[in-house]
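Asks: Here the protein sequences come in this chain order: A and B. First residue of the first sequence: 1, per my numbering; consecutive thereafter. First residue of the second sequence: 1, per my numbering; consecutive thereafter.
Quick caveat, the hints were computed from the structure, so don't treat them as lab data. Please note that the accuracy of each hint is not assured.
[Said to hold, decoys possible] Label pairs and their computed distance ranges (CB to CB): (1) B:Asn693 with A:Arg81: 22 to 30 Å; (2) A:Gly14 with B:Asn693: 18 to 26 Å; (3) A:Ile106 with B:Leu788: 39 to 47 Å; (4) B:Pro866 with A:Ser56: 17 to 25 Å; (5) B:Asn685 with A:Lys97: 14 to 22 Å; (6) B:Asn685 with A:Arg81: 33 to 41 Å; (7) A:Asp100 with B:Glu603: 16 to 24 Å; (8) B:Lys783 with A:Ser56: 42 to 50 Å; (9) B:Lys724 with A:Lys97: 43 to 51 Å; (10) B:Asn693 with A:Ile106: 34 to 42 Å.
[Claimed, not checked] Derived, one-sided and incomplete: chain B residues facing chain A with beta-carbon distance under 10 Å: (11) Lys226; (12) Asp227; (13) Asn693; (14) Arg700; (15) Pro705; (16) Arg707; (17) Ala711; (18) Val729; (19) Asp735; (20) Pro792; (21) Asn796.
[As the list claims (entries may be wrong)] So the derived list for chain B, only partly shown, Cβ under 10 Å to chain A, looks like this: (22) Asp702; (23) Arg732; (24) Arg782; (25) Ala785; (26) Gly789; (27) Asp793; (28) Val831; (29) Glu834; (30) Glu836; (31) Gly847; (32) Met848; (33) Asp850; (34) Ser903; (35) Arg904.
This one's a predicted model, so the numbers in the text were calculated from it and none came from an experiment. Glycine is no exception: its CB is placed at the ideal position from the N, C-alpha and C atoms.
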Amino acid sequence: MIATDGSAMTEANGKPRILIIDSDEDFREMIRLYLALEGYSPSAVDAVDAVVRVRSDPPELIVAEWTSPLLDGPRFLKWLREEAGYDRPVLVLTALKRADIESRAIAAGADAVLFKPAGPAAIAARISELIQ
Amino acid sequence: MPPQPLRRARPGALKYFSIIGGLIIAIGVWTAGAAGLFRLPDAVFYDLCTRWGAAHRDVSNQVLLIAFDPLSGRRHDGSWERLFDELTSLGPRKILFTFLPRDVSPLFYERAAAQGNVIFGRRISRSPERSDAPLLEPLPPAAEGVRLSLGFVAAPPADYGVHRRQYVRFERDGLKAPSLEAAALPATARPAASLFRINFIGKERGLPTVSMERALMGDLVPALIKDRYVVIGPGKSPFETGYYTPVTPQNGMSSLQLHGCALDTLLSGEWVTDVSQKTALALIGGIVLFLLLIDRFVGIGLLTWFALALGAALLGAAWLCLSLFSVWIPAAELLLTVLLTLVFILRSRSVRQEERLRNLLFQASAKSKERLIPEIFYEVDDPWTPIMVMLDQTLDLTRSILLEPFEKDHRVREIKALKCSIEDIHERRRDYHRPPYSDAIRENGMIRLDRRPFFKSGPPEERQYMAPLIYAGRLLGFWVFGMKTGDGAAADIPNFEAVISDFGGRIGELLFRREHRREHRFSTPKGWRRFLWPARPKVLDRELYKILLLLERRLNLMDAAFDNTGAAVAMYDHFGQILHLNKRMADLMNASDLLPYGTTVIEFIKRTTPAAASEARQILRQFLFERRTAILPATLPGEPNRQYRLGIRALLLEDQTIQSDFAYPFHSYGILLELDEITDLQLFNQLKTELLNAVDHRLRRDLAPIRCAAALLSRRDLPEPDRKRAEAVLDRRMDGLAAYIHQAGEDLRKDIFTARSKDFPIDPVQALQGAAEAIGDRAGSRKVAVPLGHFPDTVNLVCADPERLPAIFQTVLTVLIDDAVENTSLQIDLVETEDEFIFTFSNTGFGMPDSIFKEYLSGETAVSSPEFQRLRTGAAELERGGGKLTGSSEMGVGIRFILHLTSRLCTL
Chain A
1 MIATDGSAMT
11 EANGKPRILI
21 IDSDEDFREM
31 IRLYLALEGY
41 SPSAVDAVDA
51 VVRVRSDPPE
61 LIVAEWTSPL
71 LDGPRFLKWL
81 REEAGYDRPV
91 LVLTALKRAD
101 IESRAIAAGA
111 DAVLFKPAGP
121 AAIAARISEL
131 IQ
Chain B
1 MPPQPLRRAR
11 PGALKYFSII
21 GGLIIAIGVW
31 TAGAAGLFRL
41 PDAVFYDLCT
51 RWGAAHRDVS
61 NQVLLIAFDP
71 LSGRRHDGSW
81 ERLFDELTSL
91 GPRKILFTFL
101 PRDVSPLFYE
111 RAAAQGNVIF
121 GRRISRSPER
131 SDAPLLEPLP
141 PAAEGVRLSL
151 GFVAAPPADY
161 GVHRRQYVRF
171 ERDGLKAPSL
181 EAAALPATAR
191 PAASLFRINF
201 IGKERGLPTV
211 SMERALMGDL
221 VPALIKDRYV
231 VIGPGKSPFE
241 TGYYTPVTPQ
251 NGMSSLQLHG
261 CALDTLLSGE
271 WVTDVSQKTA
281 LALIGGIVLF
291 LLLIDRFVGI
301 GLLTWFALAL
311 GAALLGAAWL
321 CLSLFSVWIP
331 AAELLLTVLL
341 TLVFILRSRS
351 VRQEERLRNL
361 LFQASAKSKE
371 RLIPEIFYEV
381 DDPWTPIMVM
391 LDQTLDLTRS
401 ILLEPFEKDH
411 RVREIKALKC
421 SIEDIHERRR
431 DYHRPPYSDA
441 IRENGMIRLD
451 RRPFFKSGPP
461 EERQYMAPLI
471 YAGRLLGFWV
481 FGMKTGDGAA
491 ADIPNFEAVI
501 SDFGGRIGEL
511 LFRREHRREH
521 RFSTPKGWRR
531 FLWPARPKVL
541 DRELYKILLL
551 LERRLNLMDA
561 AFDNTGAAVA
571 MYDHFGQILH
581 LNKRMADLMN
591 ASDLLPYGTT
601 VIEFIKRTTP
611 AAASEARQIL
621 RQFLFERRTA
631 ILPATLPGEP
641 NRQYRLGIRA
651 LLLEDQTIQS
661 DFAYPFHSYG
671 ILLELDEITD
681 LQLFNQLKTE
691 LLNAVDHRLR
701 RDLAPIRCAA
711 ALLSRRDLPE
721 PDRKRAEAVL
731 DRRMDGLAAY
741 IHQAGEDLRK
751 DIFTARSKDF
761 PIDPVQALQG
771 AAEAIGDRAG
781 SRKVAVPLGH
791 FPDTVNLVCA
801 DPERLPAIFQ
811 TVLTVLIDDA
821 VENTSLQIDL
831 VETEDEFIFT
841 FSNTGFGMPD
851 SIFKEYLSGE
861 TAVSSPEFQR
871 LRTGAAELER
881 GGGKLTGSSE
891 MGVGIRFILH
901 LTSRLCTL
């Protein structure tokens, strides 16, 4: 349920809603299962559905891939912040290990960056930090 | 081990040669002088010195001569008495008559005897019966019974027609008496020898002479007579030649003058003595020793000057000794000593230098040849077998024989044969003045022996050949061989003649060396013959020519090797100036606007590497002091896309004379720069890096779900259906990852330099960026922008040729730029999907009808535009790799290309 005052978007049962945007279906499924067991309400989409989902059902936190086929991370973040008006935390999770990725992601609007293959516990812990 | 010279230098032996040679010269000259062999030249020198000596010397005032006309006949008029009276009244010390006056009275002689100071000369001549018996002039009747003072008068001895000496006494056959001149002196004042040299110095005009007529007239100056020795005798008649003396070589001196000079010499005690034989030997020995000593310290030029100066000094000394001390040194012998010693020394030096030169050059050629043909080649018993076997194995010969001409014959003889012998050659085919030898010489190359059989027998399929063995313009032998014909026969391969010519040249060179070595060993004289037998100039010249030829060949070989080496090499001296560079370096520098012979080493480093001038100097300092090798990345001006590796190291040569553990055994002769192109290596490294980055990304990506699945499986609260799903993800992703890693490993192991296919997983964005850089100048000149900075980060690779894909991109960009309107920008977009890259290129340009454009791009008709030809080729290549190139165009709008590239590793 979406609160009208813009406060934290949670399900009615109090679990924060997390949107996972990743092109890897297996990863989406696994991390969703894990985060669900951790008490979150995760949903996972690929790049094609990401824009629609964010507009229609903005989550409390977005875990987004930096770059993948059909998803240009910098452009997506820019759209997210400037056009979609999304002001919640965004965690970038990427397999592209380069020295400039973190700074570019932060500059583009991300709140944190983790590099794959970060363990699900670490991802959950980071999500918890960002939500709090 | 360094090559050993054929003949070692033996300085000790040569030193003894000098001493022995000097002794031989000294003793030889002295002996010849003592034997009188130099009397004539000695006499010539003596006469010259006498004439030149003391020209200003005052004439003696002890002797006065009174001369009468010898043609006047006997005087019966009392002239002698009157003269006697006239003279005695003036108080002379002695009066000497060179004759016994006949037409005088006994009173004359009695008065003369009573006077006590009158001496008469009595002639001695040879007996007509006995050649060695003296004949005394009979006393005139008027002198019978009178005790007169007599001195004997005889023709003075002559040496080669010149009278230089006079008798002191006669001692022959019991006759012992002083000469007229000696009789005027007391016995103790006379010279000890029986002959003495008259001192003619200052007497070229003769002694003061008064005519008898004047004396009889009483016109004598008393001062001229008093206390003098007056000698009276006949003057020289017009018909008389007189006595030739050192001072009167043209006109002879009268006997009166001669006696007067002799008397004057005795009176003054200045008779010329010769140095003793011992002294002569000492002088000769001293000269030889002096020159041999000087030889050790000065060069030939200075030595010659010394010898000339010594000769002049000896002549001067002879003259001075004669003039001042009345001593004659044997000038001719001494001068000859100087000359012979000089010749000996020059000859010794010549022999030493000749030997040194021979050995030096032979060592130089031997040293160079040892690298190619060890000296052992000539030392072993059979050096030719390995060569013949090698020829046989390389060329697959049926038989082979090396022949050389007999030295003084017209036939050939065998050097070495394989699978045959000289007996297999017909007798009448062994004359090298006739065919086929003359044919081969005329062709100056290999010929086929078709017309008549050369060997006595042989297989029918055998083809026989003959090649002359020529080196340095000389015919050294012939190589005859047989080869099989048929499939794959070596004789049918291309360049067969060139190959045979090369082999023949090398065999000829071996023969040349063998002959040269033999000549060097046996033609050089040994021992004393080296000094006595001068080397024939032609032999030495020929040897020198051969050695220089071999050295030249070695230099040419080294030059060829240096120029044909793959790397570009330059050598600099310690001052950074160019010494030598090979052809490749010269070409590279010329293409890069670097002056090959005008660029110092620091400038070269500055302009080709990122190092600044200070760094370049630091590098050279490290190199010079620490002998460290430096390797720097380099590019050449004007070729930014080609990568090089510049190696800087010392040009070292091991100095085998240095034995110390502390001394550095290598001498640095300069700086060696080596420029190796590593563009391909760099590219390959870059490709591997990109592949590894892709592998890294894929690993990370695939490990993420694996890790999540593992974490889920470790939880007890995972529902069973989810557990199964996690297990399935784990299995699937692990298998997929393993397969991917295997495939990536296969690609990484590929060597694109040697593999048939140059395809490799490459980043297409990098390829596009490389192509854009390459056409940067073209775009700039057309003022068309090529923006590339907006591309997203890509993670996949495509399998393509690392050089062909950029070339395709470059061609696409070129077409767009050439069609674009100035001051516009190309539009380049990239979309990366799971399976492919999609590049879209478009411009704002003139365009062309779309149908024509499509026909150019992918039609069947021929197209003249090289860009569209390349596009057609590129499109075909892309299709083979699963890609595609399409395009469209519109008049007045522009051109558009779409390029699809499949994302995959090459081994997938």
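Asks: For each hint, tell me whether it holds in the structure or not.
Replies: Verification of the supplied hints:
1. Taking 22 to 30 Å as the suggested C-beta distance range, the pair B:Asn693 and A:Arg81 conforms, at roughly 29 Å.
2. A C-beta distance of roughly 43 Å is found between A:Gly14 and B:Asn693, which places it outside the suggested range of 18 to 26 Å.
3. For A:Ile106 and B:Leu788, the Cβ-Cβ distance of about 24 Å falls outside the hinted range of 39 to 47 Å, so the restraint is violated.
4. Separated by about 55 Å at the C-beta atoms, B:Pro866 and A:Ser56 break the suggested range of 17 to 25 Å.
5. Distance hint for B:Asn685 and A:Lys97: a CB-CB separation of about 20 Å, consistent with the stated range 14 to 22 Å.
6. In this structure the supplied range 33 to 41 Å holds for B:Asn685 paired with A:Arg81, their Cβ-Cβ distance being about 40 Å.
7. Distance hint for A:Asp100 and B:Glu603: a CB-CB separation of about 38 Å, inconsistent with the stated range 16 to 24 Å.
8. The hinted range of 42 to 50 Å is satisfied by B:Lys783 and A:Ser56, whose Cβ atoms lie roughly 47 Å apart.
9. At roughly 32 Å, the beta carbons of B:Lys724 and A:Lys97 sit outside the given window of 43 to 51 Å.
10. Hint check: B:Asn693 to A:Ile106, Cβ distance near 22 Å, so the stated range 34 to 42 Å is violated.
11. Look at B:Lys226: its Cβ only gets to about 137 Å from chain A, farther than 10 Å, so that hint breaks.
12. The interface hint given for B:Asp227 is broken, as the beta carbon of that residue sits about 135 Å from the closest beta carbon of chain A, more than 10 Å.
13. Checking B:Asn693 against chain A: minimum C-beta separation of about 8 Å stays under 10 Å; hint holds.
14. Annotation: interface hint on B:Arg700 holds; nearest CB of chain A at approximately 4 Å, less than 10 Å.
15. Against a cut-off of 10 Å between C-beta atoms, the interface hint on B:Pro705 holds, since the closest Cβ of chain A lies about 4 Å away.
16. For B:Arg707, the shortest C-beta to C-beta distance to chain A is roughly 5 Å, which falls under 10 Å, so the interface hint holds.
17. Checking B:Ala711 against chain A: minimum C-beta separation of about 5 Å stays under 10 Å; hint holds.
18. For B:Val729, the interface hint holds, the least distance from its beta-carbon to any beta-carbon of chain A being 5 Å, beneath 10 Å.
19. Evaluation of the B:Asp735 hint against chain A yields a violated restraint, the C-beta minimum of about 12 Å exceeding 10 Å.
20. Satisfaction of the interface hint for B:Pro792 is found here, the shortest Cβ-Cβ separation to chain A being roughly 4 Å, below the 10 Å cut-off.
21. Taken as an interface hint, B:Asn796 checks out: its beta carbon lies about 8 Å from the nearest beta carbon of chain A, inside 10 Å.
22. Interface hint at B:Asp702: satisfied, since its Cβ lies 8 Å from the closest Cβ of chain A, which is below the 10 Å cut-off.
23. Taken as an interface hint, B:Arg732 checks out: its beta carbon lies about 7 Å from the nearest beta carbon of chain A, inside 10 Å.
24. At about 30 Å, the closest approach between the beta carbon of B:Arg782 and any beta carbon in chain A exceeds 10 Å, and the interface hint on this residue is violated.
25. Violation of the interface hint for B:Ala785 is found here, the shortest Cβ-Cβ separation to chain A being roughly 22 Å, above the 10 Å cut-off.
26. Checking B:Gly789 against chain A by beta carbon gives a least distance of about 12 Å; that is not within 10 Å, so the hint is violated.
27. Contact between B:Asp793 and chain A, as hinted, is supported at the beta carbon level, the nearest pair being about 5 Å apart and thus within 10 Å.
28. Contact between B:Val831 and chain A, as hinted, is supported at the beta carbon level, the nearest pair being about 8 Å apart and thus within 10 Å.
29. Against a cut-off of 10 Å between C-beta atoms, the interface hint on B:Glu834 holds, since the closest Cβ of chain A lies about 5 Å away.
30. The interface hint given for B:Glu836 holds, since its Cβ lies 9 Å from the closest Cβ of chain A, which is under the 10 Å cut-off.
31. For B:Gly847, the interface hint is violated, the least distance from its beta-carbon to any beta-carbon of chain A being 30 Å, above 10 Å.
32. Interface hint at B:Met848: violated, since its Cβ lies 33 Å from the closest Cβ of chain A, which is beyond the 10 Å cut-off.
33. Hint status for B:Asp850: violated, given a least beta-carbon distance of 30 Å to chain A, over 10 Å.
34. At its closest, the beta carbon of B:Ser903 sits 8 Å from a beta carbon of chain A; the interface hint therefore holds under the 10 Å criterion.
35. For B:Arg904, the interface hint is violated, the least distance from its beta-carbon to any beta-carbon of chain A being 13 Å, above 10 Å.
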